[in-house]
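K.L.:
Single-letter residue listing:
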Amino acid sequence: MKSNSTNESNSQNNQESGNQPNHNQCLKMLELVLDGEASEEEQEYFEQHLQNCMPYYEIYNLDKTIRGMIKEKCCKKVPEGLADEIRNKIGDITQ
Amino acid sequence: MSEVQKRGYSLGKKEEIFDQEFLPHIDSMYNFAYRLTLDEDDSKDLVQDTFLKAYRFIDSFQQGTNAKAWLFRILKNSFINDFRKKSKEPAKVDYQEVETVYNSEDVDTPMTTDLRVETVQDMIGDEISNALNSLDVDFRTVIILCDLEGFKYDEMAKILDIPIGTVRSRLHRARNLLKEKLSEYAKKMGYK
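As they're listed, the protein sequences go chains A and B. Residues in the first sequence are numbered consecutively from 1, following the working numbering. Residues in the second sequence are numbered consecutively from 96, following the working numbering.
Just so you know, the hints here were simulated from the structure itself, not pulled from any lab data. Treat the hints with care, since some could be wrong.
As the list claims (entries may be wrong) - No farther apart than 25 Å at their CA atoms in a straight line, the calculated lysine to any residue pairs in the SDA-like style are these:
1) A/LYS76 <-> B/LYS109
2) A/LYS71 <-> B/ARG168
3) B/LYS253 <-> B/LEU133
4) A/LYS71 <-> B/ASP154
5) B/LYS247 <-> A/GLY81
6) A/LYS73 <-> B/LYS109
7) A/LYS64 <-> B/ALA281
8) A/LYS28 <-> B/GLU213
9) A/LYS71 <-> B/ASN126
10) B/LYS163 <-> A/GLU80
11) A/LYS71 <-> B/LYS109
12) A/LYS71 <-> B/PRO119
13) A/LYS77 <-> B/SER224
14) B/LYS109 <-> A/LEU82
15) A/LYS73 <-> B/LEU133
16) A/LYS77 <-> B/ASP177
17) B/LYS276 <-> B/GLN216
18) A/LYS71 <-> B/ASN271
19) B/LYS163 <-> B/GLU213
20) B/LYS171 <-> B/GLN216
Unchecked claim - Sample of chain A residues with no beta-carbon within 12 Å of chain B, all distances over it, derived:
21) GLU40
22) GLU41
23) GLN43
24) GLU44
25) GLU47
26) HIS49
27) GLN51
28) ASN52
29) THR65
30) CYS74
To be verified - Among chain A residues calculated to face chain B with C-beta under 10 Å, some are:
31) VAL33
32) ASP35
33) GLU58
34) LEU62
35) GLY68
36) ILE70
37) GLU72
38) PRO79
39) LEU82
40) GLU85
Fair warning: this is a prediction, and the values are worked out from it, not measured in the lab. Positions of the beta carbon are idealized from the N, C-alpha and C atoms, including for glycine.
All chains, please: the whole structure from these sequences, using the hints.
P.N.:
Structure below.
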């Protein structure tokens, strides 16, 4: 799913203040990039401008780090034998 | 919305689909169930119920399509219908209200946080997990689906039965709340 909303808002904003999207739009763009949902244009803007801009770079890195930590720390291990229990119950149904 | 087709799989085919397309997701499903219920026994029951339902309705599943999203949707519905009612959690906030507030202009204002990458990396204990668990269930759900399970916005919208715009706003809000929690932990831990 690609969003056009940011692009539309960008062009509006560009007319208002030169070539810079505003801060909120940049933050939304960061989130789209992080989630792999950015359009080509948004991805390109991120690579050309945002990732070289210290405040955005820090926000992006923080979000990316938190995401990495969630992957590392929030995986509850499935109890041993649960898959077999489920298979047995399915076996009871089909008999 | 595509029509639900009944496929009439043979018993052998059902077992093949179950073993090859459903069961490999048991780890993710158990983790999702745990993040919803925050209780190991309830998670086990919820995962079992989900697989039994998936088997019962296997004829409406098209082989080769996104089994994980299909299973997560069943699990989420089972949680809402069967578990949330007897959940030990306190009453929930009104999300419609939260999202209305969020979607208003001023909530787009970026959150200012003094949380630093190094601080988060130093959280080697249960801080991240506790912070996530402390969020309201609908907020932790979107974080799990997106950040941990890697679902796309449109898949999350289908799993949760909400519009994509709501997925995005809820996710944004959830991440800010998580940062607030982590920031609180950081202060308690004595980080700057």
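K.L.:
All hints are to be evaluated individually against the structure, with a verdict given for each.
P.N.:
So, going through the hints one by one against the coordinates:
1. Of the supplied pair hints, the one linking A/LYS76 and B/LYS109 is violated, its CA atoms being roughly 28 Å apart against a limit of 25 Å.
2. Between A/LYS71 and B/ARG168, the direct Cα distance comes to roughly 21 Å. Compliance with the 25 Å bound is thereby established for this hinted pair.
3. With a C-alpha separation of about 23 Å, the suggested pairing of B/LYS253 with B/LEU133 holds against the 25 Å cut-off.
4. For the hint pairing A/LYS71 with B/ASP154, the CA-to-CA distance comes to about 33 Å; that exceeds 25 Å, so the pair is violated.
5. The suggested pairing of B/LYS247 with A/GLY81 is violated, with an alpha-carbon distance near 31 Å, which exceeds 25 Å.
6. Taken as a hint, the A/LYS73 and B/LYS109 pair is broken in the structure, with Cα atoms around 35 Å apart against an allowance of 25 Å.
7. Taking the CA atoms of A/LYS64 and B/ALA281, the gap is about 18 Å. The hint holds against a cut of 25 Å.
8. Restraint check for A/LYS28 and B/GLU213: the C-alpha separation of about 24 Å stays at or below 25 Å, so the hint holds.
9. A hinted pair counts as satisfied when its Cα atoms are at most 25 Å apart, and A/LYS71 with B/ASN126 qualifies at roughly 11 Å.
10. Between the alpha carbons of B/LYS163 and A/GLU80 the distance comes to roughly 21 Å, so the proposed pair stays at or under 25 Å and holds.
11. About 32 Å separates the Cα atoms of A/LYS71 and B/LYS109, which puts this hinted pair outside 25 Å; it is violated.
12. Between the alpha carbons of A/LYS71 and B/PRO119 the distance comes to roughly 18 Å, so the proposed pair stays at or under 25 Å and holds.
13. In summary, the hint linking A/LYS77 to B/SER224 is supported, as the alpha carbons are separated by about 13 Å, within the 25 Å threshold.
14. The straight-line distance between the Cα atoms of B/LYS109 and A/LEU82 is roughly 19 Å, inside the 25 Å bound, and the hint therefore holds.
15. A hinted pair counts as satisfied when its Cα atoms are at most 25 Å apart, and A/LYS73 with B/LEU133 qualifies at roughly 15 Å.
16. Taken as a hint, the A/LYS77 and B/ASP177 pair is honoured in the structure, with Cα atoms around 23 Å apart against an allowance of 25 Å.
17. The hinted pair formed by B/LYS276 and B/GLN216 meets the criterion: a straight-line CA distance of about 15 Å does not exceed 25 Å.
18. Taking the CA atoms of A/LYS71 and B/ASN271, the gap is about 18 Å. The hint holds against a cut of 25 Å.
19. Among the hinted pairs, B/LYS163 with B/GLU213 is inconsistent with the structure: their alpha-carbon atoms are about 34 Å apart, more than 25 Å.
20. The straight-line distance between the Cα atoms of B/LYS171 and B/GLN216 is roughly 31 Å, outside the 25 Å bound, and the hint therefore fails.
21. Non-interface status of A/GLU40 relative to chain B is upheld: no Cβ of that chain comes within 12 Å, the nearest being about 16 Å off.
22. With a minimum CB-CB distance of about 17 Å to chain B, A/GLU41 clears the 12 Å threshold, and the non-interface call stands.
23. Interface exclusion of A/GLN43 from chain B stands, the closest Cβ pair being 15 Å apart, more than 12 Å.
24. No beta-carbon of chain B comes within 12 Å of the beta-carbon of A/GLU44; the shortest separation is about 20 Å.
25. Annotated as non-interface, A/GLU47 keeps its C-beta farther than 12 Å from every C-beta of chain B; the closest such distance is 20 Å.
26. Distance check for A/HIS49 against chain B: the nearest CB is about 17 Å away, which clears 12 Å, and the non-interface claim stands.
27. Residue-level check passed: A/GLN51 sits 15 Å from the nearest beta carbon of chain B, beyond 12 Å.
28. At the 12 Å boundary, the C-beta of A/ASN52 stays outside the reach of chain B, the nearest C-beta of that chain being 17 Å off.
29. The beta carbon of A/THR65 is not kept farther than 12 Å from every beta carbon of chain B, the shortest such distance being approximately 5 Å.
30. Consistency note on A/CYS74: stated as away from chain B, yet its beta-carbon is not over 12 Å from all of that chain's, at 5 Å minimum.
31. Checking A/VAL33 against chain B: minimum C-beta separation of about 13 Å lies over 10 Å; hint violated.
32. The beta carbon of A/ASP35 comes within 6 Å of a beta carbon in chain B, closer than 10 Å, and the hint placing it at the interface holds.
33. For A/GLU58, the interface hint holds, the least distance from its beta-carbon to any beta-carbon of chain B being 7 Å, beneath 10 Å.
34. Hint status for A/LEU62: holds, given a least beta-carbon distance of 5 Å to chain B, under 10 Å.
35. For A/GLY68, the interface hint holds, the least distance from its beta-carbon to any beta-carbon of chain B being 9 Å, beneath 10 Å.
36. Proximity of A/ILE70 to chain B holds as hinted, the smallest CB-CB distance being about 5 Å (cut-off 10 Å).
37. About 8 Å separates the beta-carbon of A/GLU72 from the nearest beta-carbon of chain B, less than 10 Å, and the hint is met.
38. Nearest Cβ of chain B to the Cβ of A/PRO79: about 6 Å, under the 10 Å cut. The hint holds.
39. Checking A/LEU82 against chain B by beta carbon gives a least distance of about 6 Å; that is within 10 Å, so the hint holds.
40. At about 7 Å, the closest approach between the beta carbon of A/GLU85 and any beta carbon in chain B falls short of 10 Å, and the interface hint on this residue holds.
Checked against the numbered hints above, the structure breaks hints 1, 4, 5, 6, 11, 19, 20, 29, 30, 31 and satisfies the rest.
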